[in-house]
Structures are given as C-alpha cells and as structure tokens.
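Engineer: Keeping their order, the protein sequence lines are chains A and B.
The first sequence runs 32 to 144 under our numbering.
The second sequence runs 164 to 277 under our numbering.
For the record, the hints were derived by calculation from the structure and aren't laboratory data.
In this text, a Cβ means the ideal position worked out from N, Cα and C, and glycines have one as well.
Fair warning: there could be bad hints in the mix.
What the hints assert, rightly or not - Away from chain B, derived, C-beta distances all over 10 Å, residues of chain A:
| hint | residue |
| --- | --- |
| 1 | Leu38 |
| 2 | Val50 |
| 3 | Arg53 |
| 4 | Phe94 |
| 5 | Glu97 |
| 6 | Met114 |
Unchecked claim - Covered stretches of chain B, going by a simulated chain A footprint (3 or more residues, C-beta under 8 Å):
| hint | segment |
| --- | --- |
| 7 | 208 to 215 |
| 8 | 257 to 266 |
If you want the building blocks of each chain, they are given just below.
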Amino acid sequence: AQSVTQLGSHVSVSEGALVLLRCNYSSSVPPYLFWYVQYPNQGLQLLLKYTTGATLVKGINGFEAEFKKSETSFHLTKPSAHMSDAAEYFCAVKGEYGNKLVFGAGTILRVKS
Amino acid sequence: DAGITQSPRHKVTETGTPVTLRCHQTENHRYMYWYRQDPGHGLRLIHYSYGVKDTDKGEVSDGYSVSRSKTEDFLLTLESATSSQTSVYFCAISIAQGSGNTIYFGEGSWLTVV
Chain A
32 AQSVTQLGSH VSVSEGALVL LRCNYSSSVP PYLFWYVQYP NQGLQLLLKY TTGATLVKGI
92 NGFEAEFKKS ETSFHLTKPS AHMSDAAEYF CAVKGEYGNK LVFGAGTILR VKS
Chain B
164 DAGITQSPRH KVTETGTPVT LRCHQTENHR YMYWYRQDPG HGLRLIHYSY GVKDTDKGEV
224 SDGYSVSRSK TEDFLLTLES ATSSQTSVYF CAISIAQGSG NTIYFGEGSW LTVV
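Isolated chain A, as found in the complex (with noise of 0.2 Å):
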C-alpha cells in the first residue's frame, strides 16, 4: 500500500525566491513518484515524474525534485519563484508494477510581488 504526506496545505513566497514544496511518501514496493500542478478551474498537468535511474529529476517550468529513498521524501522545488507559479501542487505515489496513483493533500503556492 501507498500514502502520500504533503507538510504545508499552503505555502508562501516572494517573487523571486526560493520555492520548496514537501513530499514523503510510504510505500512497500519502490515507488515511482509524480508532482502535478494544477490551476484554478483546470484539471492536473504533470510537472515531472521518477520512476528509475537519476535521482534528480527536472520537470517543465524549471521545477525539479529530488527522490530520496533513505528519507521517503520527493521534494517539489524551483530557484525563483514566479508569480506565474501560484497554483495548486500534487504529490502522488505508484507501485512500481501498480496502476493506481495514491495523491497526497495538496499544497497551494502563493507568490508575493
């Protein structure tokens, strides 16, 4: 079984600065992890995913995350917050084998100018 744990149902930052979103996971098979995005009145676009090799991991919109196993985290960041950037983030979980994504509570993002 998988579950997700988002720490921060909203999170705020300036124009400019450094964007951190809080993903752990639990799972008893390797997981393969997603970050969606989703804005107002708009379904979910998928910003980046891992599922083997490379533990960074880049997505669009210079977003990018970083799977680490020893802590079951897949943090969620970018260097420079844009105001473009304020929407509604996902973290979700697979079994490697699974075909059914687990989603965390979400987080949403807003940016100050």
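Assemble the complex: chain A is given as a structure, and chain B must be docked to it using the hints.
Structural biologist: Below, chain B without anything else, positioned relative to chain A:
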C-alpha cells in the same frame, strides 16, 4: 493533450436524482480512472477500469457505479445523488511511456447536488 473529454463539464442536480458523467478517450488506452477532488483530501480514486467490462473499486466507491462497454468510454453513475457527492470529478487514463506508466487527467466535471 492526452485526448480525454469529460461531459458534462458542469452540472447542478437535485438530491436523489441519478447522474451520469462520461469520459471519452480518443486512443485505445487500457486503464481509465475516476477520481474526485475535495479540499483537504487531494484526489481520491472512486473506480477504475482495466479493460472493457473490467472494473474495480477504489477507496471511495460507495454510492457510485461505473461501466465500460467500449474501450473509449468510461461512465460514472451516481445512482441517487447526495450533497456529499458535490465535488469535482476527474477522469484519467494511463499511458505507457518509457519506464512505467504515467496517468493523465481530463479537465474535470463540476457537480453540485442541491
């Protein structure tokens, strides 16, 4: 664009009435899903399908049924809608890409039960 179309996109219905949401995909992907999104809960799986007439329950399946008579269509039915089923419903498909599958989502269906 994963080629997913949901209908209707918005619906208001009365308590006790049946409601059917439709998900249509333009390609023959095997796995299809229905999730609901509620504040503080993220997305939770209602039902999923792994082929025509092959479906299974997710974590919040009570009060919902599904059908898949064609590969491209996955229907979600609320037999007798309740206010607790007011939510945003997302259909998704699983697409094989490189190492492993990736799940892509439709644009959502906003359902209000009054």
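Engineer: Each hint: holds or not?
Structural biologist: Status of each hint after checking the structure:
no.	hint	in the structure
1	Leu38	14 Å, holds
2	Val50	19 Å, holds
3	Arg53	14 Å, holds
4	Phe94	16 Å, holds
5	Glu97	18 Å, holds
6	Met114	23 Å, holds
7	208 to 215	holds (count 3)
8	257 to 266	holds (count 7)
In summary, this structure violates none of the numbered hints.
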